[in-house]
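Please model the entire structure based on the sequences and the hints provided.
Number of protein chains: 2
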Amino acid sequence: MRSAFRLRSGKLRRHIPVLDWGRSYDRNALTNDLFAALIVTIMLIPQSLAYALLAGLPPEAGIYASIVPIMLYAVFGTSRALAVGPVAVVSLMTAAAIGDVAQSGTAGYAAAALTLAALSGGFLLLLGIFRLGFIANFLSHPVIAGFITASGIIIAASQLKHIFGIDADGHNLAELALSLLGNLSQIHWITLVIGAVSTAVRVWVRKGLKPCLTGLGLNVRIADLLARAGPVGAVAATTLATGLLNLDAQGVKIVGAVPQSLPPFTMPDVSADLISALIGPAILISVIGFVESISVAQALAVRKRQRIDPDQELIGLGAANLGAAFTGGYPVTGGFARSVVNFDAGAETPAAGAFTAIGLAIAALALTPLVYFLPNATLAATIIVAVLSLVDFSILKKAWIYSKADFTAVSLTILVTLGFGVELGVSAGVVISVLIHLYKTSRPHMAVVGQVPGTEHYRNVLRHEVITEDRILTVRVDESLYFANARYLEDCLYDLVAQRPNLKHLILMCPAVNAIDMSALESLEAINARLAALGVDFHLSEVKGPVMDRLKRTHFPGQLTGRIFLSQHQAICALSDNLTPAEQKQKLTS
Amino acid sequence: MRSAFRLRSGKLRRHIPVLDWGRSYDRNALTNDLFAALIVTIMLIPQSLAYALLAGLPPEAGIYASIVPIMLYAVFGTSRALAVGPVAVVSLMTAAAIGDVAQSGTAGYAAAALTLAALSGGFLLLLGIFRLGFIANFLSHPVIAGFITASGIIIAASQLKHIFGIDADGHNLAELALSLLGNLSQIHWITLVIGAVSTAVRVWVRKGLKPCLTGLGLNVRIADLLARAGPVGAVAATTLATGLLNLDAQGVKIVGAVPQSLPPFTMPDVSADLISALIGPAILISVIGFVESISVAQALAVRKRQRIDPDQELIGLGAANLGAAFTGGYPVTGGFARSVVNFDAGAETPAAGAFTAIGLAIAALALTPLVYFLPNATLAATIIVAVLSLVDFSILKKAWIYSKADFTAVSLTILVTLGFGVELGVSAGVVISVLIHLYKTSRPHMAVVGQVPGTEHYRNVLRHEVITEDRILTVRVDESLYFANARYLEDCLYDLVAQRPNLKHLILMCPAVNAIDMSALESLEAINARLAALGVDFHLSEVKGPVMDRLKRTHFPGQLTGRIFLSQHQAICALSDNLTPAEQKQKLTS
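Keeping their order, the protein sequence lines are chains A and B.
Per my numbering, the first sequence runs over residues 803 to 1392.
Per my numbering, the second sequence runs over residues 803 to 1392.
Everything labelled a hint here was simulated from the structure, so no lab data went into it.
Any given hint could turn out to be false.
If you anchor each label on the Cβ, the simulated ranges turn out as follows [what the hints assert, rightly or not]:
1) B/Ile1081 <-> A/Arg1023: 50 to 60 angstroms
2) A/Met1069 <-> B/Arg1302: 41 to 51 angstroms
3) A/Asn830 <-> B/Val1254: 47 to 57 angstroms
4) B/Arg1302 <-> A/Pro1313: 23 to 33 angstroms
5) B/Ser1369 <-> A/Ile1160: 54 to 64 angstroms
6) B/Ala1376 <-> A/Ala998: 51 to 61 angstroms
7) A/Lys1106 <-> B/Glu1267: 31 to 41 angstroms
8) A/Arg1023 <-> B/Val1254: 45 to 55 angstroms
As a list, the in silico EDC-like pairs of lysine to aspartate or glutamate whose alpha-carbon atoms are at most 20 angstroms apart [claimed, not checked]:
9) B/Lys1242 <-> A/Asp1280
10) B/Lys1106 <-> A/Asp1339
11) B/Lys1242 <-> A/Asp1351
All figures in this text were calculated on a predicted structure; none of them were measured in a lab.
We treat Cβ as the ideally placed atom computed from N, Cα and C, and that holds for glycine.
Structure, rendered in structure tokens:
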């Protein structure tokens, strides 16, 4: 009984991690978590408004998306420091997805955002429950890097309209550039000044403030946190200036009235049309969001030797997105900037997230009048400076040096993302990664090997002085055998056999074959049958244990005209013994 | 000069294989080829009409599709015995593809078939020119087997309407079954008698005629060929009966008037709408056709120790399909039945194909009046008996025993093909094969290893009694490292490290790592950086030559906190030497 209970409670703790860390929560952790929450809350208020702007949603959606999702993640997530909420790339992808089904600013647009969050949450939850987190691995690192870089450029370009105070639209770089250039005559100069100053201040805060503060004798960690929270200063200054000078009356676009309210209860629209239009984008957003989140969570966890359970992370993010769907938000994930700030500010447990949520709830209830005069241009500057730090073309150079295949994948991902938008970009990235992998493994390295004289080693005949025989051919294949290379193996072996009329034995040496799938098994059977018809015996050598276990379940070892040898040397010894005396003599003298 | 000429002429010969075999063509080969062509021509006349019926095209399209394509393949193809023309599965896929854009029997339908052949030909040619034949390998053997089985069932079901003399339509089994059952009251009994008798005769010819003929003292090979050509008897008998008894006036559907003409010159419709609707199906048809064709060609070539060049085969099939597009045909490929008959009848060179084309051209010019009274029910019987030999569920049992992953792929392919039609079926097959492969390699086998006492061997600690140390952890990974398993590797190593507070050295043992892609390189860099932060040195051992060559191009070996050892034993010796005397003592006594 007791052990059954412990088992169940262990399982429960795995799925509701709060039960685990909650038990040892103490006053020290509470102090640290409260301090971190305060810093993060201050940083998140303008950031949430900015990302809502990027997603084309009303500003409060950004704040709502940061409250309940954080709390749900605190209950179900495994990372101690991850801060969940709206992030730049997911906001952009949200805008791209729901821009296809509704007009920005309409009620239908906000409703579609809820549906998107619900679909994304449901999908993540399903992946987590069925432990399918590995699908996120189908995005290769270089493809993700390329995608994030290209997305950063598109996001920055999409925000330029707010800096210039003009209208522009488009989901890819060409559309955006044309649209911006077409409307350039409408530049609103006061807006541009606000935008330019905000951007300059943001850049300076990022680069120059921290050295300045440490120069003033501040502790490095405090200086760093102040520098990160610094943009709030730019927000306050431009808001104040706009309010005092009545710049909104002169055409400067401002955030305006934001309802003073806790997150409302909202019901996502689940009409079949909307679901079928959004399910594809929802899956892409989920995967990209998960990849971004798990990378951050992993990086922070390792610093403290903590563990992240990717499948449980899916459940945490799924719950967070469902939370966003029912409380007026939009798709969320674990954000890099906010999580690092949270970690650096000393957050010890997910409770810091819960306290942040409380701070934001207070802000949503009481502080929204303070952002009435906040100019959109300031928010755009916040976004631009944030995303330009994501832009990093060095991946191209690195890939070029290391692997032309990876270079192809990165550059195509960047080009497709810039040229056709984020959805096609990330899809292309996945497809290209997979195709390149299949291509590389579809033509495995194969070598005809011979014996290094006086040893039991067998090496490539092209690279070493080795002993071979006319009657025996040994081919080493340096790759697992599966459907993508099974036919290539057949082709190569047939070619080699066709060139050798005196051949009696073909040995396939398998020290690097980690698996043989059914296509490859059928190819081996075909090779065996066809060689049999030519009077050539087919042998295997150095087959690994797990591969051999599987082969033993089939008729193949029985059908094999030759034998399966533990080592290549055994094979050569056994087969050479069958030489006729004349052949042995020839072998000795050759 | 001369060697340059020889080089060029060698290259030319590779791309136009007729220049190669044509030089040594003699009277003996001519006799054999002429005999084979006669047999194949007799067999092909009813078969071509039947497949045109299956594709929903006028009967002459089947004959036209067998004339110019065969000749072009004879010039550009590399197989000596492959017979190119309409085949069952491709005919069904043609019907499915153009059924979406036009109504069967209309001029638009036949025009769409030409476009489909042109697109398919162009695609195959491009693949051949850019040597991309490997993409056909992305279809695993079991998936192909499942697809062919399911297609055979759909084809047989689609022909039942001709046997029953009723109307029915549908591209998947459910649609076909419902449609057939709904119209069952319209059964045309005379048609059913013709269909049933034809089917019975075809089955008997297949199973019973050959033993009967050999019983009568005929040579086995002749008996076999007669049995294969035997269906022509059933065709002649039912045609004669229908004509003499005027059964067409009673409602028996017949082939009717077929124009007496050589293949006409036709121009495929290249409107953008049609191309965008057909390009997807054309790619699927090309790939399936290529896979079927190359399998047959390969099987026949090996029997005579001849070679097939897959990329040149693409060019041959591409030319054949373009030929079909411009001469009133529809997509073609190398067929199994006709190629085997051609081979068994003694065809020595592709000239046999050219002679077959001449035979069919004579038939198209002069013999079409003979098939006027040929009942559709007889053709349907021809198709049903032919395709039911493709249906083979034994693949399911074999896959179940060998690999649950392959079993999943086969059964899903069969279910999707039966339930949603051939196009979705084959697409699903490809996607499932790839996903399963990625899934399997995304969780590679990894083992913590220790030293087998008194040896230089290192084995899994869970399976063997081995020596390990608290300060040194060696992990062997049995798979190439790439994007799909890079994160898993990180997860596993971090978990292992998190459990070992005293750890100082982590050695990754790579004897089965055939490649490290850039994602995996970045993961190794991340592992190195994170372990460094924890004071753990990261080492590699037994890295293969090609992998090491690539790593040397990067900063990784320089950044590595530890070293790269040639052998695992060197690693252990080097790292154990750094033990404090107390630790060495502990090691010796443990």
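Going down the list of hints, with the structure as the test:
Checking the proposed 50 to 60 angstroms range against isoleucine 1081 of chain B and arginine 1023 of chain A shows it holds: the Cβ atoms sit about 59 angstroms from each other. Separation of methionine 1069 of chain A from arginine 1302 of chain B is about 50 angstroms and conforms to the stated range, judged on CB atoms against 41 to 51 angstroms. Separation of asparagine 830 of chain A from valine 1254 of chain B is about 48 angstroms and conforms to the stated range, judged on CB atoms against 47 to 57 angstroms. Take arginine 1302 of chain B and proline 1313 of chain A: their Cβ atoms lie about 30 angstroms apart, and the range 23 to 33 angstroms holds.
For the pair serine 1369 of chain B and isoleucine 1160 of chain A, the supplied restraint of 54 to 64 angstroms holds, since their beta-carbon distance comes to about 58 angstroms. At roughly 59 angstroms, the beta-carbon separation of alanine 1376 of chain B and alanine 998 of chain A lies within the given 51 to 61 angstroms, and the hint holds. Take lysine 1106 of chain A and glutamate 1267 of chain B: their Cβ atoms lie about 35 angstroms apart, and the range 31 to 41 angstroms holds. At about 50 angstroms, the beta-carbon gap between arginine 1023 of chain A and valine 1254 of chain B stays in the expected band of 45 to 55 angstroms.
Pair hint lysine 1242 of chain B plus aspartate 1280 of chain A holds up; C-alpha atoms about 18 angstroms apart against a cutoff of 20 angstroms. The suggested pairing of lysine 1106 of chain B with aspartate 1339 of chain A holds, with an alpha-carbon distance near 17 angstroms, which does not exceed 20 angstroms. For a cut-off of 20 angstroms, the pair hint linking lysine 1242 of chain B to aspartate 1351 of chain A stands: about 17 angstroms separates their Cα positions.
Every hint from the earlier list agrees with this structure, and none is contradicted.
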